[in-house]
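Mapping to the working numbering: the sequence shown position 75 is 75, numbers consecutive.
Please keep in mind that the hints were generated in silico from the structure rather than gathered at the bench.
Some hints could be false.
[Claimed, not checked] Derived DEER-like restraints, expressed as beta-carbon distance ranges:
no.	residue 1	residue 2	range
1	Ala496	Gly472	37 to 45 Å
2	Leu166	Pro189	48 to 56 Å
3	Glu238	His421	38 to 46 Å
4	Ala167	His282	31 to 39 Å
5	Gly372	Arg84	20 to 28 Å
6	Glu228	Ala9	48 to 56 Å
[As the list claims (entries may be wrong)] No more than 20 Å apart at the CA atoms, straight line, and that leaves these computed lysine to aspartate or glutamate pairs for DMTMM-like:
no.	residue 1	residue 2
7	Lys210	Glu137
8	Lys210	Asp158
9	Lys402	Glu137
10	Lys159	Asp4
11	Lys26	Glu56
12	Lys26	Glu171
13	Lys302	Glu247
14	Lys331	Glu171
15	Lys331	Asp299
16	Lys331	Asp296
17	Lys302	Glu209
18	Lys465	Glu479
19	Lys302	Glu171
20	Lys159	Asp27
21	Lys331	Asp177
22	Lys14	Glu3
23	Lys465	Glu442
24	Lys331	Asp304
25	Lys26	Glu78
26	Lys14	Glu196
27	Lys14	Glu209
28	Lys159	Asp177
29	Lys210	Asp126
30	Lys402	Glu228
31	Lys210	Asp138
32	Lys159	Asp138
33	Lys14	Asp138
34	Lys159	Glu171
35	Lys26	Glu54
36	Lys302	Glu241
37	Lys14	Glu137
38	Lys159	Glu209
39	Lys331	Glu281
40	Lys14	Glu238
No residue lacks a Cβ here, since even glycine has one placed at the ideal position from N, Cα and C.
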Amino acid sequence: MYEDRIRRASLRAKVTTAEHAAALIKDQMVVGMSGFTRAGDCKAVPLALAERAEVEPVRITLITGASLGHGTDRILAEAGVTARRLPFQVDSTLRQSINDGGVMFMDQHLSETASRVRSGQHGHLDIALIEAAAIAEDGSIVPTTSVGNSATFAAVADKVIIELNLAMPVELEGLHDIFLPGERPGRAPIPLTRTEQRIGAPRIAVNPEKIVAIVITNLSDSFSTVGEATDATRAIGEHLETFFAQEVRTGRMPPSLLPLQAGIGSIANAVLNSLATSQFEHLTMYSEVLQDSTIDLIDSGKLDFASASSMTLSARHYQRVLDNIAHYRSKLVLRPQEISNHPELIGRLGVVAINTALECDLYGNVNSTHVGGTRMMNGIGGSGDFARHASLSIFVTESIAKGGDISSIVPMVTHVDHTEHDVDVIVTEQGLADLRGLAPRERALRVIHECAHPLYRGVLLDYFKHACARGGHTPHLLEHAFALHMHHRATGAMLAARETA
């Protein structure tokens with residue numbers, strides 16, 4: 001019963017199987033696929049493409065919004081389909097292929113991908129593969145639970161394949177706000193000045209002549225695997241709540257705070273959840289991903305409106321939102337990631353950015369992507385878009401990992417994603433270091449005393465003392481800067497057993 005979802009009658013003849021649609025994707029093609037943090041991704045054609053690759057080698061460049069669900073990245077990597085991948089991923093099998101050099105991965109700021117695709121910097125886009133809840137009379141697409149880069153893919157690609165997902169309510173129409181910036185040079189300002197404002201169309205424009213196949217599916221998104229709050233994440237949330245209250249008292253923020261952004265993951269989700277019982281009212285969000293905490297804050301009456309590019313929810317929250325989408329549609333909007341992450345808008349709205357770090361160093365540099373400086377985890381995602389342009393850039397992390405074998409506060413990070421110039425506040429369960437207005441030597445002492453775990457505080461103070469004796473605006477002992485990392489590589493722990501006893 002899909003006919004009423006394909007409102008342009010001539011397109012109903014394009015309905016076909018996933019296998020037939022996958023056959024349109026040829027070796028060496030560049031493919032743009034919908035999906036952002038496992039939401040709104042295509043679910044049937046990629047699987048059929050992987051099955052075909054078992055008998056007919058197919059290697060493609062795969063561009064998405066962010067990560068895909070349903071094990072798609074794993075399946076494509078195992079089948080050898082993915083030759084080049086960008087701009088973000090979270091799959092362990094694909095990650096291994098990336099770190100082994102089998103897949104060329106381009107770790108990219110999420111706000112930049114669409115403009116680079118339009119300008120041809122990633123090659124000619126052959127096919128766009130986009131999930132839809134419906135197709136309008138003019139051929140335009142009603143997206144599902146994410147927008148990501150789909151609007152750009154549909155505009156630029158030679159051919160468009162649509163997966164029409166009957167599991168998605170038609171009432172999703174009206175949730176989205178599709179707006180793409182003009183071309184450079186001479187691009188006009190993006191006319192968005194309030195989080196809740198809509199400036200575009202409710203559907204993705206598509207030339208119906210480019211639609212070559214429509215595949216019918218009936219599958220939900222992959223659900224979020226965000227863990228429950230822990231004592232550590234609750235403590236981080238409490239430190240931030242106290243900090244925000246101080247910002248309000250000093251007049252640096254209004255009582256409703258400024259629009260909030262939070263990265264994906266358990267820590268960021270737990271931090272936002274802590275606001276549900278806080279003193280703050282009439283909150284807003286201008287983010288890239290909406291997690292469970294967003295829905296809980298709306299339901300508690302604390303959050304008035306949230307703007308993002310996707311919804312990545314647990315099974316319980318996912319069903320609650322889809323079953324009541326008419327209610328939530330007045331409080332949510334999903335935009336292209338080029339807009340949700342746009343520096344112009346982040347700066348104009350004064351967004352407060354809260355993102356997660358793998359490790360931070362004494363001076364505030366942050367590594368959010370590479371374990372040990374070389375092995376890719378997931379990617380920078382949108383954290384750089386927000387950190388560089390937010391009115392306040394906050395990074396959160398637990399002070400230790402692996403039961404204390406690893407310190408998240410180190411003398412020097414092994415890979416820099418966010419420089420000290422873009423980091424205002426670092427928070428661990430130990431405390432909060434406000435680094436604004438501090439010189440490097442002052443920042444180091446603040447980070448050590450407020451954020452480092454007691455197990456590592458003495459080692460870090462000793463390093464800093466000897467570095468200062470050598471001198472420099474940003475004191476370091478280059479021969480010892482990675483001593484903790486090297487000890488971990490050799491023994492599995494940053495400190496010797498006698499030091500942690």
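Results for each hint:
no.	hint	verdict
1	Ala496 to Gly472: 37 to 45 Å	violated, 28 Å
2	Leu166 to Pro189: 48 to 56 Å	violated, 40 Å
3	Glu238 to His421: 38 to 46 Å	violated, 28 Å
4	Ala167 to His282: 31 to 39 Å	holds, 34 Å
5	Gly372 to Arg84: 20 to 28 Å	holds, 24 Å
6	Glu228 to Ala9: 48 to 56 Å	holds, 49 Å
7	Lys210 to Glu137	holds, 15 Å
8	Lys210 to Asp158	holds, 7 Å
9	Lys402 to Glu137	violated, 55 Å
10	Lys159 to Asp4	violated, 23 Å
11	Lys26 to Glu56	holds, 10 Å
12	Lys26 to Glu171	violated, 35 Å
13	Lys302 to Glu247	holds, 18 Å
14	Lys331 to Glu171	holds, 14 Å
15	Lys331 to Asp299	holds, 10 Å
16	Lys331 to Asp296	holds, 12 Å
17	Lys302 to Glu209	violated, 46 Å
18	Lys465 to Glu479	holds, 15 Å
19	Lys302 to Glu171	violated, 25 Å
20	Lys159 to Asp27	holds, 15 Å
21	Lys331 to Asp177	holds, 13 Å
22	Lys14 to Glu3	holds, 12 Å
23	Lys465 to Glu442	holds, 12 Å
24	Lys331 to Asp304	holds, 7 Å
25	Lys26 to Glu78	holds, 18 Å
26	Lys14 to Glu196	violated, 37 Å
27	Lys14 to Glu209	holds, 11 Å
28	Lys159 to Asp177	violated, 23 Å
29	Lys210 to Asp126	holds, 11 Å
30	Lys402 to Glu228	holds, 18 Å
31	Lys210 to Asp138	holds, 12 Å
32	Lys159 to Asp138	holds, 16 Å
33	Lys14 to Asp138	holds, 15 Å
34	Lys159 to Glu171	violated, 27 Å
35	Lys26 to Glu54	holds, 14 Å
36	Lys302 to Glu241	holds, 14 Å
37	Lys14 to Glu137	holds, 15 Å
38	Lys159 to Glu209	holds, 9 Å
39	Lys331 to Glu281	holds, 15 Å
40	Lys14 to Glu238	violated, 54 Å
Of the numbered hints given earlier, the model fails hints 1, 2, 3, 9, 10, 12, 17, 19, 26, 28, 34, 40; all others are met.
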